[in-house]
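**Student:** Got two chains here, each in a separate frame; can you build the complex from them with the hints?
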Amino acid sequence: MTSLPPPSARKLGLVIDLDVCVGCHACAVNCKEWNAAGHSAPLTDLDPYGANANGVWFNRVHSFEAGEGAASRTVHFPKSCLHCEEPACVTVCPTGASYKRVEDGIVLVNPDTCIGCKLCSWACPYGAREFDHDAGVMKKCTLCIDRIYNENLEEADRVPACVSTCPASARHFGDLGDPGSAVSRLVAERGGYDLMPEMCYKPVNKYLPPRQRQCGAGHDGAPSSLAAPEPAPGGLLGWLDRVLSR
Amino acid sequence: MGWTNPEVIDTSPSVSDEVKATTCYMCACRCGIRVHLKDGRIRYIEGNKAHPVNKGVLCAKGSAGIMQHYSPARLSKPLLRVGERGSGDFKEIEWDEALRLATTWLSEVRNTDPRKLAFFTGRDQSQSLTGWWAQQFGTPNFAAHGGFCSVNMAAAGLYSIGGSFWEFGEPDWEHSRYFMMFGVAEDHDSNPIKAGLTRLKERGAKYVAVNPVRTAYAAVADEWIGIRPGTDGALVLALVHELLKAQKVDLDFLVRYTNAPWLVIEAPGTAEHGLFARDAEGRPLCFDHKSGAVASALSPNVQPALSGTHRLPDGRAARPSFALLAEKYIDGRYSPEAAAIVTGVPAATIRRLAAEIAHAAFSRQIELPIAWTDWAGRRHETMIGRPVAFHAMRGISAHANGFQTCRALHVLQMLLGAIDTPGAFRYKSPYPRACPPPLKPAGKPGQVEPLKPMPGPPLGFPMGPEDLLLEADGSARRIDKAYSWEAPVAAHGMMHLVIRNAWAGDPYPIEVLFMYMANMAWNSAMNSAGTIEMLTAKDAGGRYRIPRIIYADAFLSETVPYADLILPDTTYLERWDCVSMLDRPIGSAHGPADAIRQPVLQPDRDVRPFQDVLLDLGVRLGLPGMVKEDGNPRFPGGYADYLVNHERPPGSGIGPLAGWRGADGAKAGKGEPNPDQLARYVENGCFWKQELPETALYYKHANKAYLEHAVAMGFIGKAEQIVLQLYVEPMQKFRLAADGHGKVQPPDHLRARIREHFDPLPIWYPPFEHQAVSDAAFPLSAVTQRPAAMYHSWGSQNAWLRQIHGENRLFMNRATAAALGIADDDWVYVTSHHGRIKCQVKLMEGVNDRTVWTWNAIGKRAGAWNLDPRAPEARRGFLLNHLIAELLPEQGGHRLPNADPITGQAAWYDLRVRVEKAPAGAAVSEPAFKPLPVLPGVGRRPGILRYGEEIRAARLGGRGGRSGP
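Here the protein sequences line up with chains A and B, keeping their order.
Heads up: the first sequence begins at 1 in the numbering used here, then just goes up one per residue.
Heads up: the second sequence begins at 1 in the numbering used here, then just goes up one per residue.
If we strip away everything but chain B, and leave its shape as in the complex, we get (with noise of 0.2 Å):
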């Protein structure tokens, strides 16, 4: 007789009424999710196996959506402040009243001066509308978060390439034999990383990681290169040394796809030292052997050189670019022995990791079998890869040398001819772009008046002085001072340097401060506390400073108690939604996506989604666009209504999606708005995606297929090819002002800053805060590191992720403590130049020895979030933030921002401390802040989480329920 099992299961329980697709949010990848609905409540969320970004799987974050989504920190109806700034008196009131509220302080400003609303969204993946929202307000004083995110990345990209890392770009995971990573947050494309790292390695592709922290990515390196923070660029050039010194460079990538061949003037003293020559139609010149003269650079016909001296038709000398370039990398102040003693990587390691990259480039070659035309109309019958792909984020981004050091990271691609050939980083669509994309900040004199929009988008890409945002007397006229003097590239805004600013009426006051998800009093903030002060300082008159903050989020950050008026956000399965390429873009490098949110329930609290409050708002104060000629809604649907039915500009076919566009549906990218979009959008599982033909796949920048694709979809003007930058002439325009060419002049206190950094081939400078304190006083550089499973602040309101990551320690490597007379688990005092903080240590092998970093944002404010006081994130958790100043040291009678002298960037990574052991004492962070009061309406947090008993008491028809109490 057989045996049998003690009881009977049901191995086939429905496990849902209803799956409804959407987009996830739980970080900035959005992936595509299913979300599966049981009697009302979510019964569990997966990847979407169809989805272009994630096929399926889904990380930790998104698969805590369900607690997320039901925290009970989140805010359930208008608030008012009543009492004091920060005591969390506030008086719920009905949207009617917080709208007009709103319109009112917002009509003011409006009226007057408009620069005098600064509205900064955070980590906004709608800022397609945000943007465009603050040009038709006529406020410059917008961005989102880039600015102390990754805007050196971006813009590095973009000036070099015309397109760049994460978003813009990817490794050929298929394909490449070599990869080197730099510096990545683990909340960045992280599903397709672990996705192409697991491709790599079945491969045997090599996969070396360079970060001073060897954790998640890192862990599973072939080779891990313990750098120190901020070196990365000299680690990166002296490699272009060695590939130079070897002439291991791809000649024919350079003078075909690049302006290596551009003559580059020399005339010392001039207004044009430095920049290309060009003829009469504007068109760069280059020396033909063919022809022994001076020739467009961009005919598809010469035979350009790249070395010598030549003669320009007017008598002037001038060289190709790629002479000054191999002259100067070439010098020995860029030897492996240089860049060892600065990055600490042995000068032999150095030189390994250039034969290693060369011989992956040229020796394993690959030749795909794929014939494709150029931007010329010739024919290749087969796609030569060079198989060597780099990868870089904030790593190399968050400091004031970060701009350089991706440029230098781009150099080096282009020199191997590992752009977007088989086996290298590829653009993802709709990139690639111009170099950079010809769009220029507006804001200028006589562009911001009352009652108008402005001309133009607050951001974009200065080419040179006469593109700033400065008035008269050369000061900023930004709030946040992004493209003045200080910041002159600051191509997403500087977020970091607002409140501060406003705080101080410098350049001037503002009246309303509007944030959208931004926790801009705790850890999106350099300076925490000072920030905390800065946002309830008074004037003489008992005025607060920044007289009115409007705030709008979903959750009791740390944050909300500051504001003056609240405006709650559903949660992110609540809402329609955008990922937009006119915004941030999901596309690959095989073809261009988007993808939308859709509600997957109806909010049970009397919130509302931010983006149809912004467009509400917009119709209350009449903003053109979002009214008609008669006063009325444009988009009375709201934002639904605007993603199918808002085009830009007006009439061009191009909205927010571009997907089943047409009246039939039947076009992409461009055609009239279709009433059914987001039903078929809905239909597909809320994303859209295109695959290129196989003859645009690469090469994208001079394939002719492709570029034809891009300009049909409206990515791009004109089929022509986008030659890549490895001299960016921008930064010599800027170089030359500050050697007083020009009618744009910087102040005399940045010139020789102007003129070291703004390089127009790449260059490694130490970083500033490294520069400005000494090497005695604050030995270790401190840095912080993402964990995979938990994005900024908001995911310790989450039940599920909180229980892997409740508290940080920081981390250092074993052997450097012991020397400090710091044992496993001491409390230590960390000292910055601008600050202290007490926290825990943990040892460990795998840092580098002059490094100490923590997990990021695990710190919270006692009673923030709505988690008890005595939360190990408030008692054990700690942020470097506390440590890290916005501006500065004084030098000369100036501080000068905490960020890189070319696009603003917060350089939060420069950070150098000392670590002391703490004497005896309670076992509790510090600084410690008075808690937190807890909102009107915001919930009851539960003793005890019972999630999923209601499902299954249900599916069990009663039986199986928690009994007794």
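Chain A with its partners taken away, still in its complex shape (with noise of 0.2 Å):
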């Protein structure tokens, strides 16, 4: 089994914003296709133009609908390693393969002591390890390690590609350790929250609940129908006979 580090000041993570995600995949492929020669290379695809297409993807979109008839609405929830404060995938490793980085609580998994045993994806309770079959170890989520700190990329491309590529700027991508950061800021003024709380794994990714839809009458004030004029002299079409200018 392995331990966990003490908890580093430093908590990276994403903050996932349900109220204009629109579930495109644009974040799923984009992760796709960096980490396909990153860091974990490759993110193998078996089968992959036959009857079972099956490839390690460590960023899914699960599109749903909750409640039902006019209260339902359709859901868009995009996936992957909320790099646990207290990960269970980490304590579970019977190698030590599996670890929360020191310096940013980074949940990883160093392929070369990964026995493939998948203890780790047993006990994640959200899905979101991915076992590489062909290749034989465990592999997920690495918040585009090979990213956030590259140097030879531009400063503004050293964020994880998910959030990068989103269209919808729906990902954010900070210190969620330092309360005055931006993501920090987000998730205390939009209410960001964590996902299945109660499993207590205390995860760093959080997200944010959509807003409070303008649907129904009083949208800004405007009434709930028009009005009727009063009847303006000249008959139906009288209220056009003022003076217009071109």
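No lab work stands behind these hints, which were simulated from the structure alone.
Don't take each hint at face value.
As the list claims (entries may be wrong) - For lysine-lysine, the following BS3-like pairs were computed, each having C-alpha atoms within a straight-line distance of at most 27 Å:
#	chain 1	residue 1	chain 2	residue 2
1	A	K79	B	K842
2	A	K79	B	K55
3	B	K49	A	K79
4	B	K670	B	K704
**Tutor:** Here it is as structure tokens:
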């Protein structure tokens, strides 16, 4: 079993805005292409042109409906490793391959010591681990460890691929251990929440709930129907008789 | 002692050896991309932050470009059919032989009757080249895919406001307070729309989605209006009714910027009834309160009447078009109650939407402190805005009432003063243009002759019956019958009817069908199974009824096996290409822009860029403009040469690319060719853009600074106001013909149809298929949606995208299914008047209860795209196309196109069906076709894909490569 380092001050993670996520899969595919040749390369695809194409993806978007009838809504829910503060996937690892980084809290797998036993994927309640059957090792979101500190990239590009590519700006990256960071402020302002807090793994990633929908009467002070104006002299189109200039 | 991590990680690995900018082609949005290359392979594709379209982001499709480029379905060498069509018996041939053969076939046609070539180019982004090529060849039988895409949207917009949604316009994301979006495919302007929705929501604006289906964009809307398909026009006209009744219209905007005051002649029974009254110079007239007389409506100094009946100098009566409009829509026929019956949207909701729109437009008026000068030279200290924006796409376009529905939406915008004002719809450069642009289709008798180019382009905008392409007997001149009485304003052609008409020899047989990148033997066809039969049908003499088919594509689509000669194209990363303002522009409200593609990689196959091939054929055929006087190629450097040196018209200084023109590259828009132009584009990330000055950003249709800029750039001829058309006079000209006026007369069986549908003021009528089949037999509408992560059929060859959309289901409303005894995951039969399919259902809440839907183009024919024949796309995927007929059921001895009566737009979304539970049986969709064979030269598909392994191994210097077999 693997021990966790003392909690790091720096807790890097993602904040995902469910108000504006349209479920377009840009994050998932851009993650796939960056990481296909990245730190954990390859992200093997089995039977890629066949009956059961099945590949390694660090980030997947789940689309579903919640509720019934008029109260129902369509939810697009992107999900990847939440880089928990107390990740069971690490503590369950028999070889120390799964670990939480000392300096920033990112949860990684060392492929050299991973024996492919899959205990971590059983332990993770979020289903965020991805077994590469071809390589025989567990893989997972690295928070783009080979981007976020990468001095070969421009500073603006030193964010995870999913954040960089999101067309809706629904994904934010930063230090959730710093209450003054942009992501922490966003979480505070928008009521960001933990996924399944009852599991007590303290996910670092946060989700922002949809904003209050502006449906029904009274939007922006608008009436619920237009009042009929006073009848104007001159009949049905009498109101058009005022002087208008080109 | 501190903790250490159990491994040391290189957090700054080298990313790439080289980064090349180019333009994406994974869908139609044309985003800027940066392609990272490592060890000669693609390491990563990202959005270009400087690019005006996507500003650095990239969607799922664009991010999967690697898998498209390395697709095992790529063609690798020219192929000549040696067996029967569809058999897959081809032999590989050399390019020279392929081009010689094509030249022989084409020159036979050109020497005798150029119309016997039908050249149709699908999802072509080089239409200004391909259309010009057709013109120089001399055939009117040219179009791209617009006729089955969104010509209703484009034509209605161009005839109404001189612009349109999507490519010619965008919402003012920064200022709008109320945004209403109708039926938008998620691959049109997709990154800008996603970014824009986020901006709206950040600012607290309200977003209303009108769509029978609540998927991606609609899912994040503040309010979802799950309307019945094909009824949006009724909803919009009810909103117009409410606004007029409450007098919530912007009269100042209407008199200044629209034809609201133009006088319409009231002389029933005469040839000028319903036309605008004009003076001797042809200027429209209004009644001027100031002078108490009729006067030019174009004068800036009149005080025009919007009501009343006025006497023209010749004694005839005339009324302002607005008076006709107001009277029409104030009528109870357009009440919310009437619309509720049609649309299923409660009357109270329609009333509330109207009130919210009016409130946003008039109680939340915005005023930008930007001084500007109008077309007449008058200075205005501010720009007044109506912060209500609308956007629409195929959902309202792909119906037989789509033209008039789009018109209705534009009329609503005009009434609100919400055209190119702050907070509203904004034109994208190079629009606005005249309503419509002054371009007539060529191809009349006398304009098509052997060995001669046509005097004009094949596509344009008819202004009346005299502009139709008709034989003396009134029959169609074009193979697709565009610009005939069946589709007089078919401004994008009618590709969906080409194969049928060619097969039927109606209006005449053709000799060569030449297509590019259009999957007409599958998902791009209405009646796919029938189309396959037509492609293989022979005449009594054993000759194919469509004798020769040349097809150019990069990939093994379902259509390839049905062609005789295959010209293999490159991928989008292996070519020079152009996103031109002469074609489908990528300008924005902030200014004009265009772009190129550059070869990022050299082809590793014997393939050639289609545009190079087309120019080569042009040289071999000796087409004017493509050869010099001495017969040598005018563009020996191929398409790249053409992009730089072609001018249209010659000597005009206007060419495919607007940036860095002039010998020194200092000119924009107009200027002599610059030999360094492509290099300048490449230096700048493969795009060019120009920012408009602040004073030119709004009111472009009447803004002096903007209009003068547009003239200087060559977008428009004169810096004159573009008057928006509430009332579209050309429609009335067609109607007058139907009433018997004029020399060019419709056939009798079409008179009533023309009279009814060519209303110069928008109308709503039930889609034709809804009228033709009974509600009892076919109670449900069936439509498709475009997923955000898949573009048409070609995404299925993509190893990554097909893991997201590898099969499709028929989505049904849960309550509707329950009433039919259908449970989740059941297999069902779906039947239309035309055919039957079998597929599997998925129940949901977020779909109109009289509508079923599925994702577009996921179903594949077994074996196509080099997928395993057992792939889920073929086993469980399905198309609605098999249910859709290209013609309507017979009526009065005629079968008319399943299309809009004005534009000929394919009415895909008019489909009506019934759904029944299928008896227990194989869990396989129907119809199932014989698997397609793999063609020569198509690569082996790998059983395991380890993309990136080699790049990683090289990075680690051998360490970390995969061990074992």
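**Student:** Each hint should be assessed against the structure and marked as holding or not.
**Tutor:** Hint check:
1. With a C-alpha separation of about 23 Å, the suggested pair K79 (chain A) and K842 (chain B) falls inside the 27 Å cut-off, and the hint holds.
2. A hinted pair counts as satisfied when its Cα atoms are at most 27 Å apart, and K79 (chain A) with K55 (chain B) qualifies at roughly 25 Å.
3. Annotation: proposed proximity of K49 (chain B) to K79 (chain A) holds, straight-line Cα distance about 26 Å (limit 27 Å).
4. The straight-line distance between the Cα atoms of K670 (chain B) and K704 (chain B) is roughly 19 Å, inside the 27 Å bound, and the hint therefore holds.
Comparing the model with each numbered hint stated earlier shows that all of them hold.
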